[in-house]
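Visitor: Sequence:
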Amino acid sequence: MFISTEKPDIKLMTLEEFWDWYPDGYGRFELHNGEIVEVQPTGTHEKVAGFLALELGVEIKRLNLPFFIPRQGLIKAIDSDKSAYIPDVMVLDDNAIKNEPMWKKRSTITQGKSVKLAIEVVSTNWQDDYLIKLAEYEKLGINEYWIVDYLGLGGRRYIGDPKQPTISVCNLVESEYAINLFRG
229 MFISTEKPDI KLMTLEEFWD WYPDGYGRFE LHNGEIVEVQ PTGTHEKVAG
279 FLALELGVEI KRLNLPFFIP RQGLIKAIDS DKSAYIPDVM VLDDNAIKNE
329 PMWKKRSTIT QGKSVKLAIE VVSTNWQDDY LIKLAEYEKL GINEYWIVDY
379 LGLGGRRYIG DPKQPTISVC NLVESEYAIN LFRG
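Each residue of the sequence shown is one higher than the last, beginning at 229 in my numbering.
Since the hints were made in silico from the structure, they are not lab data. Don't take every hint at face value.
[Said to hold, decoys possible] Heads up, simulated DSS-like pairs for lysine-lysine below, C-alpha to C-alpha not over 27 Å straight-line:
1. K344 / K326
2. K239 / K333
3. K275 / K289
4. K367 / K341
5. K367 / K326
6. K333 / K310
7. K326 / K341
8. K310 / K289
9. K326 / K310
10. K391 / K275
11. K344 / K275
12. K289 / K341
13. K344 / K333
14. K310 / K341
15. K310 / K367
16. K333 / K289
17. K367 / K332
18. K344 / K332
19. K391 / K333
20. K344 / K310
21. K310 / K332
22. K239 / K310
23. K367 / K333
24. K239 / K289
25. K332 / K289
[Said to hold, decoys possible] Derived DEER-like restraints, expressed as beta-carbon distance ranges:
26. R299 / W249: 38 to 46 Å
27. W249 / L291: 20 to 28 Å
28. N353 / Y250: 13 to 21 Å
29. L291 / E266: 34 to 42 Å
30. Q392 / N327: 36 to 44 Å
For glycine and all other residues, C-beta sits at the position ideal for the given N, C-alpha and C.
Based on the provided sequences and hints, a complete structural model is requested.
Guide: In structure tokens:
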């Protein structure tokens, strides 16, 4: 018996095609190199993301900052029209958003200065958060990126050994992320 290990031909989408395809009100999807990826978080994952959004929202309001936290929004990859990501939490600058060409119509960010903070809560696809999104957000110039690995799923080179819950706080310094780990 012969079993094919080749993937069937998949039509890769552009971001424009992805927007047109995106089902309104159903699911969360990202575009990775032209392929649609459904993002289906667990209940605990959503609880952690919700807690972070709530606490940040309280501070934004208390300090009367011109920021807001969208329910959902995409960050377009800087070098590709075939990739866009939905952070679990994103804090946007209300003043900078006025210069975003795709925000009003497509709730999509194209400029790093519009994002004050992007947060990814790690799940089984941890490589996306530590490798792909970290590199994309860094290239885009997003000033601060948190990787919240509440289960300690990430690779040892990212969260240390022994593996344990870790928050990686990435701050942009001279166009590169300086990363501080908070473990335990």
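Visitor: Does each hint fit the structure? Answer for all of them.
Guide: A quick look at each hint next to the structure:
Among the hinted pairs, K344 with K326 is consistent with the structure: their alpha-carbon atoms are about 14 Å apart, no more than 27 Å. At most 27 Å may separate the alpha-carbon atoms for a hinted pair to count; K239 and K333 meet this at roughly 25 Å. Simply put, K275 and K289 have alpha-carbon atoms about 21 Å apart, close enough for the 27 Å limit, and the pair holds. Restraint check: the Cα-Cα separation between K367 and K341 comes to about 12 Å, which is no more than 27 Å; the hinted pair holds.
For a cut-off of 27 Å, the pair hint linking K367 to K326 stands: about 21 Å separates their Cα positions. Proximity of K333 to K310 is assessed by CA-CA distance (about 18 Å); at most 27 Å being required, the pair is judged to hold. Only pairs whose Cα atoms come within 27 Å are accepted, and K326 paired with K341 is accepted, the gap being roughly 11 Å. For the hint linking K310 to K289, the alpha-carbon distance of about 35 Å lies beyond 27 Å, and the restraint is violated.
Restraint check for K326 and K310: the C-alpha separation of about 24 Å stays at or below 27 Å, so the hint holds. For the suggested pair K391 and K275, the alpha carbons sit about 22 Å apart, so the restraint of at most 27 Å is met. Proposed proximity of K344 and K275 is supported: the alpha carbons are some 22 Å apart, at most 27 Å. A threshold of 27 Å between alpha carbons decides the hint, and for K289 with K341 the separation of about 20 Å falls inside it, so the pair holds.
In summary, the hint linking K344 to K333 is supported, as the alpha carbons are separated by about 21 Å, within the 27 Å threshold. Annotation: proposed proximity of K310 to K341 holds, straight-line Cα distance about 21 Å (limit 27 Å). Proposed proximity of K310 and K367 is supported: the alpha carbons are some 16 Å apart, at most 27 Å. Pair hint K333 plus K289 holds up; C-alpha atoms about 26 Å apart against a cutoff of 27 Å.
For a cut-off of 27 Å, the pair hint linking K367 to K332 stands: about 23 Å separates their Cα positions. Taking the CA atoms of K344 and K332, the gap is about 18 Å. The hint holds against a cut of 27 Å. Between the alpha carbons of K391 and K333 the distance comes to roughly 42 Å, so the proposed pair goes past 27 Å and is violated. Using a Cα cut-off of 27 Å, the hinted pair K344 and K310 holds, with the two alpha carbons roughly 24 Å apart.
For the given pair, K310 sits about 20 Å from K332 by alpha-carbon distance, which is consistent with the 27 Å threshold. For the suggested pair K239 and K310, the alpha carbons sit about 12 Å apart, so the restraint of at most 27 Å is met. Straight-line distance between C-alpha atoms of K367 and K333 comes to about 24 Å, which keeps the hinted pair within the 27 Å bound. The suggested pairing of K239 with K289 is violated, with an alpha-carbon distance near 44 Å, which exceeds 27 Å.
Distance restraint check for K332 and K289: the Cα-Cα separation of roughly 23 Å lies within the 27 Å cut-off, and the hinted pair is therefore satisfied. One distance hint, 38 to 46 Å for the beta-carbon pair R299 and W249, is violated here, with the actual separation near 20 Å. For W249 and L291, the Cβ-Cβ distance of about 39 Å falls outside the hinted range of 20 to 28 Å, so the restraint is violated. Taking the beta carbon of each, N353 and Y250 are about 20 Å apart, inside 13 to 21 Å as hinted.
Between L291 and E266 the CB atoms are about 36 Å apart, so this pair conforms to the stated range of 34 to 42 Å. The hinted window of 36 to 44 Å between Q392 and N327 holds, with their beta carbons roughly 41 Å apart.
In this structure, the hints that do not hold are numbers 8, 19, 24, 26, 27, in rising order.
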